[in-house]
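2 protein chains.
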Amino acid sequence: MKELEKLLERIIQRININLRELDYDVTPFIKNLVSLNQMVKFYALYGITPNHPLDFSFKHSSLAGSYFLGKIRTRNSILYKSDIRGDELKHQGDVFHYQKFEIPITRDEDVDIEDSFLIKTLVHNFSHDPETLERFFIRDTISTHYANIHGAPMDGCFLGPFATVDLTTMRDCVIGAFSYVQAGEVDHLKVDPGTVWVRSPDMFNFQYRYPVDRLNDYIYFAKNAPPQGIFIDFVEDRKEDFEQIFNAVNVEQPASVPESSSLNRFSVIKPKIHIGENVLVAQRAYLQNAWLGKGANAQEQCYIINSRLEGFDITAHGAKIIEADLDKNVFVGFNAFLRGRSDARLSIGQESIIMPHTIIDIKKPLTIPPGHLVWGLITNPKELETNSIALKDLSKINDGMTKGDMSFEGSGNGFVTAFRERIHHILDANGAFFDGKTNKGHAQMNQNISFNTIQPYPDGDLQGLYPTIIIQP
Amino acid sequence: MKELEKLLERIIQRININLRELDYDVTPFIKNLVSLNQMVKFYALYGITPNHPLDFSFKHSSLAGSYFLGKIRTRNSILYKSDIRGDELKHQGDVFHYQKFEIPITRDEDVDIEDSFLIKTLVHNFSHDPETLERFFIRDTISTHYANIHGAPMDGCFLGPFATVDLTTMRDCVIGAFSYVQAGEVDHLKVDPGTVWVRSPDMFNFQYRYPVDRLNDYIYFAKNAPPQGIFIDFVEDRKEDFEQIFNAVNVEQPASVPESSSLNRFSVIKPKIHIGENVLVAQRAYLQNAWLGKGANAQEQCYIINSRLEGFDITAHGAKIIEADLDKNVFVGFNAFLRGRSDARLSIGQESIIMPHTIIDIKKPLTIPPGHLVWGLITNPKELETNSIALKDLSKINDGMTKGDMSFEGSGNGFVTAFRERIHHILDANGAFFDGKTNKGHAQMNQNISFNTIQPYPDGDLQGLYPTIIIQP
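Line order of the protein sequences matches chains A and B. Here the first sequence stands for residues -2 to 470, numbered as in our numbering. Here the second sequence stands for residues -2 to 470, numbered as in our numbering.
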């Protein structure tokens, strides 16, 4: 285990060097956060399909429990139960459109993770930074429990638990627990916990900050202790269900699935579920008594429990939907926590958008009307009133507004249009619009994956580290 | 599957070219012997330990259900449920002694399998050919069910089911079903089924041939049909027990095992077993109601059922011991089939040597006295009398003898001494003499192996073929 300990020291030092201007020492957050003994316990795996560019290279890394798909290299990194999906990589010869530029892609893109420590992090690679089109890099970065690195290359960053960095290129930043950042390019920034920030430079700027005392009930992360709160309890309570799934080499499909849909064999499926056409259920999704209509999706680390999704609904990475009824075309963003009760269901109307990192936690029934944007912390109709707006009203705003703890600047129409385009892209990429021939997406392309497991050295100085592994077509 | 079909055609063609002088066409034996669909069904695996040279390279191959340990490369090959153990490879700097020669090893040895098709074959690599010390090659070769390629590099060969080639370098040969060849160097030879041939040039020559009609009950292999007979039925009847083992990622140790012993997690262990000190139970061994005393071993694809091994007993690759009691230091050779019955047990006295490919199949109790060499087909005391000799009597023979269907030429003492040295080496290599510090062997070195699974392309032209996989330290 000697080499693994040295690797951890090395990573911590590199990140502290990057964060020196923010005067931030990651050591007390990281030491003992995951016991290194755990690194020997779990196998990692990579997927092989004819549909994804096969090119894996793992060197001097520990990968316990992680999942890899696409073209990925890791060096001097520790990944623990992380999902790294390289299935939207750009290809040589593609042309990337950015503002007035048409940029040809000179070689196949890869995901490159170096000197980084990712814990239960989801990395999805569709990046939009016109400056680094061929390499999705994560360097000198620590990302903790259930953070999402989504189309967001980063360098020298520290992400707290349940943080999301989305379509942002980030250098030397600290992102607090449960913060969401979608902001183009940022550097040398410290973002407080519970910040929801969506910015399109020169177009709009959306900001919301959770009241700290109330957020702490859900997620709290301080020095020298693991993260705590309702979110952690929620996932810990369901951990055992995953263990069974991961201990079998082949599992029987637990439900009938249409040919156009896919249900990843590393998802937890508990009775009784319905899977419609063009549905994607990703690895580490958790479905219990869930009805998914045509074109709906359940992304990595999401939970859908006692709920019904009528169709073309999006359950983004890490979102939790409990005791809820979603009409068609509802978007539920990253790490949103929507908790109805059996005697107090949550209903969400057609075309509504639940912002990433929204918490709806109710004890009486609540209905979100169709076509609304919803954000922040909501436990009753009054808070819903404060933390939502009809999309058609938002579209009319040209200069700005504030509502509760939310402030908005710029073009409401620009915001709504950008969001709708994004939703369309997500449904398209996931195969919701497949017609039997065209518009294939993840639901159709990820059906038939060979999963190969990898484990580290079981013993000796290299214990917990993986050998060099190179996989090519 | 297109590429896999082409690969099979390519291999068949190359072997037929090699065997053209023997006028032997392998096509009718090979076509449809294993459905190519099976090649998509099973995972292969390689072991990672700090004790074995880690260097795997698999290219343009199909590896379904195979097991790899040590330093191995495959190219343009199909391996189906084969065990390839590269754990006795020579190292750079070693000196190999052969007659008057002291040959320095110039680079680490590897196992190199090219243009070959191995079906359920066991390959163990400790080769003795002074001409090819750094490369254990298997080229342009087809080896069928439960054949053993043991320290025997080969080129252009066809091995029938349950054939063994042991410590022999072989070119352009056909080895019939259940034949055993240990002969130094041979080429352009066709060996009939059921031949047991042990030769040390200028020293001795042992030959036995099974009566064909009686052998056919046990194993029969002809054109356009899979192999048949009691041997095949016996393994098929126990196939399901292995399926459970292979479908779990981690299995609990099913029995208490001393620290100095190892029980491979891909062995089948059925109640109730006893494992003494320094015992090795290898992958795909099958133990049921078995008592293994100190220093005993159970090698790949052996079966020990309702039997007791007092200690320092060897159960070689593929041997089957059923309803038998073995005193200390008994050797049971490759693919031996020793079948007592619950009301007719087989007893084998101390230091006796059961030759490879011996069949003892009894309906009344039978006792083999201590210190005897036993060979061929034995179903009663009279046949035992014909097919055995006291080692001390054999040692006295200087020019030759015949006994039943066995003929012996040369030095009996040379034969007995060579056998005893070999037995000592096998026990030593397997860790039987480990004293807590020195004399480590497989039993101690193979205890803690990480097993990594690999699967082929699930779909498309490459279906059933594996990607290029390179694993290094």
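Accuracy of the hints is not assured; some may be wrong.
[To be verified] For lysine-lysine, the following BS3-like pairs were computed, each having C-alpha atoms within a straight-line distance of at most 30 Å:
1. A:Lys267 - A:Lys437
2. B:Lys38 - A:Lys38
3. B:Lys87 - A:Lys56
4. A:Lys87 - B:Lys87
5. B:Lys437 - A:Lys(-1)
6. B:Lys269 - A:Lys38
7. B:Lys269 - A:Lys267
It is worth saying that the hints were derived from the structure and are not from the lab.
Each hint tested on the structure:
| no. | hint | in the structure |
| --- | --- | --- |
| 1 | A:Lys267 - A:Lys437 | 27 Å, holds |
| 2 | B:Lys38 - A:Lys38 | 26 Å, holds |
| 3 | B:Lys87 - A:Lys56 | 26 Å, holds |
| 4 | A:Lys87 - B:Lys87 | 45 Å, violated |
| 5 | B:Lys437 - A:Lys(-1) | 24 Å, holds |
| 6 | B:Lys269 - A:Lys38 | 29 Å, holds |
| 7 | B:Lys269 - A:Lys267 | 36 Å, violated |
Checked against the numbered hints above, the structure breaks hints 4 and 7 and satisfies the rest.
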